[in-house]
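So the chains spell out like this:
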Amino acid sequence: MSMHSKPSPGPLEQLIRKNIADTFKPTVLLIENESYKHRHHAAMRDVDSTETHFRVTVVSEMFSGQSRIQRQRLIYSLLKAEMAMEGGIHALTLVTKTPEEYDIVPVVPKPDIS
Amino acid sequence: MSSEVVVSKSKSNVIQLQDESELRETLEVKGQTAGNAAKVSPVVVIYFWADWAEQCKQVESVIDDLAKKYTKTQFFKVEAENFEDISEAYEISAVPTVILAQKAKIVGRVDGANISEIVKKVAEACAAANGIKSEPSSAVEPAEFQPDLNTRLKGLIERAPVMVFIKGTAAQPRCGFSKKIVGMLNEQNIKYGYFDILTDEQVRQGLKEYSDWPTYPQLYISGELVGGVDIVAEMIESGDLIGMVPAEAVAK
Chain A
1 MSMHSKPSPG
11 PLEQLIRKNI
21 ADTFKPTVLL
31 IENESYKHRH
41 HAAMRDVDST
51 ETHFRVTVVS
61 EMFSGQSRIQ
71 RQRLIYSLLK
81 AEMAMEGGIH
91 ALTLVTKTPE
101 EYDIVPVVPK
111 PDIS
Chain B
1 MSSEVVVSKS
11 KSNVIQLQDE
21 SELRETLEVK
31 GQTAGNAAKV
41 SPVVVIYFWA
51 DWAEQCKQVE
61 SVIDDLAKKY
71 TKTQFFKVEA
81 ENFEDISEAY
91 EISAVPTVIL
101 AQKAKIVGRV
111 DGANISEIVK
121 KVAEACAAAN
131 GIKSEPSSAV
141 EPAEFQPDLN
151 TRLKGLIERA
161 PVMVFIKGTA
171 AQPRCGFSKK
181 IVGMLNEQNI
191 KYGYFDILTD
201 EQVRQGLKEY
211 SDWPTYPQLY
221 ISGELVGGVD
231 IVAEMIESGD
241 LIGMVPAEAV
251 AK
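Quick note, the sequences are listed as chains A and B, same order.
In this text, residue positions in the first sequence follow full-length UniProt numbering: the first is 1, and each later residue adds one.
In this text, residue positions in the second sequence follow full-length UniProt numbering: the first is 1, and each later residue adds one.
It is worth saying that the hints were derived from the structure and are not from the lab.
Owing to the predicted nature of the structure, the values given are computational and were not obtained by experimental measurement.
Ideal Cβ positions, reconstructed from N, Cα and C, are used throughout, including at glycine.
Some hints here could point you the wrong way.
Partial chain B-side listing against chain A, Cβ under 10 Å, derived [said to hold, decoys possible]:
#  : residue
1  : Leu153
2  : Gln172
3  : Cys175
4  : Gly176
5  : Phe177
6  : Val203
7  : Asp212
8  : Pro214
9  : Gly228
10 : Asp230
11 : Glu234
In silico DSBU-like pairs for lysine-lysine, Cα to Cα no more than 35 Å straight-line [claimed, not checked]:
#  : chain 1 : residue 1 : chain 2 : residue 2
12 : A       : Lys37     : B       : Lys72
13 : B       : Lys191    : B       : Lys154
14 : B       : Lys208    : A       : Lys18
15 : A       : Lys25     : B       : Lys208
16 : B       : Lys179    : A       : Lys37
Using the sequences and the hints, build the whole thing.
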């Protein structure tokens, strides 16, 4: 476990936060930068950015009545530009829940991608 | 069951496989002398199909045409579900699939109804043995056989009841998310077909647009997009996934 405090959010992370907050008015919005986990992967070798992989948890009433695919599509289309740009988001792990769903499973299990 | 009138006395070079032994015997046949007098084992074309996979009809007629052209090559049509051992041996997880086999080796493979690729690979492997000069593939492929991209994508999505598009192969995934999704499907005892999007740029980009989904891996059940690794993980946790999987895709 690192002794250093978490680095402050980079520009891309701030953009993600703003976009999602404005659109979904989430009760919970967690953004974890997981780029360090993928730094050494072949696909990331020539990439300098430290903002390539994010795990985003969004809890919003606006997801009510929407299937998982619909919810994720909304987020993907919101972040379309950030994903398409040079040095932009390479991959997103998305957790999308309504407040009711989130309360039932408060601790979201983290996938081990190693 | 085919009931063609057999005009000549010699056995047809394209047959519907009835018994595993036919395939085994053919693969063990000693080669004819090729031009340089060395004995070369013949290449055998094995075409795997299923009656519920629409694109197989198209591929079957291509196989029939190729058999007429390469008369010295043996073509087998194998109904995948009836020959599980053979399908497993060649790692057939979805249909249509064409395998070019030379004794125990696989010298070529085409996943999906990629007509031009099938024609090209058969030509490369069989032209010499049939005394035909290898022609560039564009000269051989009839335009009306090559499905447009959307048709091809639809066919790929429907190749198996549970179909996953990943980076790398199911045995050797080339990305953490792809590895995770394959692991989850295996754990749930689900039978699935896969397509390696790293092998085909056209499919890789085309499928993102076709399904309006920007990332891989992508899981489809009964031709419908279910989602990526996150969604599949959530659905397994909630118990929703297994309800969507058709009975024939659950391993016994």
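Let me make sure I understand: some of the numbered hints might not hold for this structure. Which ones are they, in numerical order?
The structure conflicts with hints 1, 2, 6 and 12, although it agrees with all the remaining ones.
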